[in-house]
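What follows is the residue order along each chain.
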Amino acid sequence: MARESLGELEQRVLLAMLHLGGEAYSAPIVLELEQRSGRQVAPASVYIALRRMEKRGFVSSVLEEPERKIGGRGKRVFTVMPGAIEKLRVARRELERLWDGLDPVFAA
Amino acid sequence: MSIRFGILARAARAIVGSTVWDSEAEDAVANLDEIYEARRRAHGSIAAGLWYLGQALTFGPRLWLDRRGRPAVKDTRDRSRVATWLDGARADARFAVRGFRKTPGFTGAVVATLGLAVAANALIFAVVRGVVLRPPPFPEPERLAWVWPGGELALTHRTFSDVSRLTRAAELTAFASRAYAIQGIDRPDEVTGLAVSTNHFRVLGRPPVVGRAFRAEDGQPGREAVALISFDAWQTRFGGDPSVIGRRIELFTSAAIPMLPGAFTGTPHSVVGVLPPDYRPLGYAVDVVTPLVEDPADDAFTQLGELLFLGRLAPGASFEQLRAELVSVADRIPQLEPSMEAIGSARVVAFQDAVTGPVRPALFVTLAAVGLVLLIACANVASLMLARAQGRRNELGLRAALGASRGRLARQLLTECSILAAGAGALGLLIAGLLLPRLVPVLPPALGASSEAIALDSGVLLFVIGALLLTLVTTGLIPAHGVTGGLPGSLGGRRRGTGGTRRTNRALQTIVVSELALAVMLATGAGLLLKSFVRLTDVDAGFSPRDVVTARIAPSDLRYADAELRRALVRDVLDRVRALPRVEAAGAIHFLPIADGGPGINFTTNPADPENRQSTGYRVVTPGYFDAMGIPLLAGRPLRDTDHQGAELVGLVNRALAERLWPDEDPVGKRLYRTSGQAWFTVVGVMGDVRQSAVGLPPSPEAYLPLAQSEWASAMTVVVRSPEPAVDMGRAVEDIIWSVDPQIPITRSAAMDDLVHASIASPRFYGFLFSAFAVVALVLGAIGVYGVLAFVVRQRVDEIGVRIALGATRRRIVSRELARAGRLVALGLGIGLAATLLASRTLSSLLYEVSALDPIVFAGAGGVLAVVALVSALAPARRAAGVDPLVSIRGH
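One line per chain: the protein sequences are E and R, in this order.
The first sequence: position 18 = 18 (my numbering), numbered continuously.
The second sequence: position 723 = 1723 (my numbering), numbered continuously.
Hints are not guaranteed to be accurate.
With the C-beta cut set under 8 Å, the calculated list includes, among others, these residues of chain R facing chain E [to be verified]:
1. Ala-1028
2. Ile-1035
3. Ala-1038
4. Ala-1042
5. Thr-1058
6. Arg-1062
7. Trp-1064
8. Asp-1066
9. Leu-1833
Please keep in mind that the hints were generated in silico from the structure rather than gathered at the bench.
Ideal Cβ positions, reconstructed from N, Cα and C, are used throughout, including at glycine.
If we strip away everything but chain E, and leave its shape as in the complex, we get (with noise of 0.2 Å):
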């Protein structure tokens, strides 16, 4: 394990799966983000947030069979690890508790 904390667009990435289920192929995953972020992601992005998570076993992936068609690509579909799911409580539970007391900052 290289570092211990997920970071923001790992976490985001995570969050998109768990969405769709806690299995996907990265395209799912980018129109997901852009879907509820409403900003453009750029796939290579996500590309490489996937690949590192694989290597640091948050998440892990197979080779899907070719579509039974001409021209049919097989696509590799990562799955969210147990692992992972632990350190997204862990990180929101950071974030929690610097929100906390601060409500009536924002309340305005």
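Once you've looked at the hints, dock chain R against the given chain E.
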């Protein structure tokens, strides 16, 4: 699901396929396809295709960057095509660099030749870009237009107000250029100024960077006088202090608008703002901007003759609509003022065209010329490469025999060229970067070049890359073609026969011929420009500028409210100057020849006849002026101190005016009636013609009136003739002026020689620039001829040896080789001179009294080139004659 791909998407897929590792490419393309399809449905295929292309270009590199630092993938099957290609290129590059190390002379020659040419091109292009190609720093400049009132009639400020109210197609704004003097830190300085309508900044679209723009009330009479100062002035005079707003500066108007009593409005002004740093609406930097004041009591309001008009088109309007509307507006306004005719025939010109139009031809011709230099350098490098490649036939042949394809060998040669070109580009940009700060100050002032506009920016970089690609195509592909085409036979033996090199020879000869043709074009252009420049320096301007110093003084009308006070001031200064040792003559004039423009007056020889009304240039002078300038008196008497107020009104005419009015009579004693002053004056003398406005323009008719009898009440230039060094004399004159009144601004202090010199800065600049190009072209051409002939001789050593063995004399061998060179030279000169005949007309706007087809220049340029080329052919020819037949035959 089947996806429809547009051409953009297909290109993008290909890019992803070739830039991403093979094992990942399939997945990447599949996912990108899917996102593309979602986007295509939402935004259309063009937007989605562009998105795909953008992603494709970054996808591979981003993955690659992310992967860097991890151990390289060793399995070659897992490499993308690009990566494999890059590996090959790296090997080629290593090999090429080893080769260059072994031949430092060749490498140095190529890099230096190309580097110098690139540097010259980068510099000239930077100037062209900075002066001509850069859009003006105003929003939507394409909607800005100049309006030039037509005809002889000037548009007054009052008429303008009516016109601009009625014009719908554009918001119009008026302005006039003004020369101001500003009270400096230790002495008054001259600055350039503009007086503008209060809507000026709204029309241009650039507000001041500090403070406020003018408000409508600033243009009302009786308000506090306000001014905006330039960014430069703010930095240099006020240290960039924001508290400058509200400060008062003393502004003295000097004679920008002559003969208008109201134009002289020296008063303290409050600074209300600071102009943007690149504010140059007329193409040159402006130091002070004041509002045009709508004061009907002010003659400037009703008579202003120097107004310029600028308009910003309303949305959807065109220049043509604006012009048509001005015509109809002119018709609609009752013809109260004749100047409405002027607006009715106004011309409307795009802003940018007007600012850069006059300098554009010269700059583009220069760019073309420097492009020729680059082509010549390319030709030279190509011949060097070709000769080198020819020398490597055995090496290349061996590689071909070991299985290298022709494409692979061509790639090797191209790689070598790319490395050389990159080196040359780096060297060129380095040289250009070092020279640029030196170049900008010597550019002719007419270009209005500023150091911030002329820079080696991304545009110049792109241009250099383009130029280098051109050199790559010419220097890399031609030799590659010449050599790889002749490969198969090259392994057969060493230097056998001459046939194998025929193709190379032909390529080399083509190169030399085109090089000579280009060089002769440049030499002819340089010759024409230099001849024109020499003509200009030889012009007899009608006065002798040597040993003359001048100082222009602009007395404030607050302290010199009375005209008599001003006359006394000039008299006082002149008396003290004349008392200086070694002063031969001193006088004063209101508009100095060459340096100042020229005002005009209306006069008539018969006031009863309205048809008789004429106009002429005129100058207000003091006695002593003509002696100081060395202008000869042709008839009658000069002005005297006794020609003062109260005495008979007198004047002088120049020869041109005398010949126009009284071609067959003696002008002395004739009388002229000034319509503005409503008074007769008597012509007492005839002066020699003087080229007043420019050395290159013929003299026009002029009258001279004595200051003592004139109402002229503004700036005067003191003119002093003395053999003392101009610097010392100039300082002495300044000291005298300030000893009379320490607060008088001296708005210009210069030796007459320098003023004349500066006025022909443009022809001098272009002449010497072209000469530099021509010299470079000549040297490169000579090297080219030498190199090619030396190569040919080396190839023919066997043949020459046999000839000598069979009894050919050395003389015969030399003349044979010279004849070979002569044929090439003749062909090159012929083509070059013919091309010059066609192209030289583009130079004619830069020439003064020299025909663009001047036969002497053509013959001279051709002759010089022929001699240089043949001389450089001599050495290889003699070497041919020195071939030892025994050695060359034993070689077999």
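Hint-by-hint comparison with the structure:
| no. | hint | result |
| --- | --- | --- |
| 1 | Ala-1028 | holds, 7 Å |
| 2 | Ile-1035 | holds, 5 Å |
| 3 | Ala-1038 | holds, 6 Å |
| 4 | Ala-1042 | violated, 10 Å |
| 5 | Thr-1058 | holds, 6 Å |
| 6 | Arg-1062 | holds, 4 Å |
| 7 | Trp-1064 | violated, 10 Å |
| 8 | Asp-1066 | holds, 5 Å |
| 9 | Leu-1833 | violated, 59 Å |
Against the hints set out earlier in the document, violations occur for numbers 4, 7 and 9.
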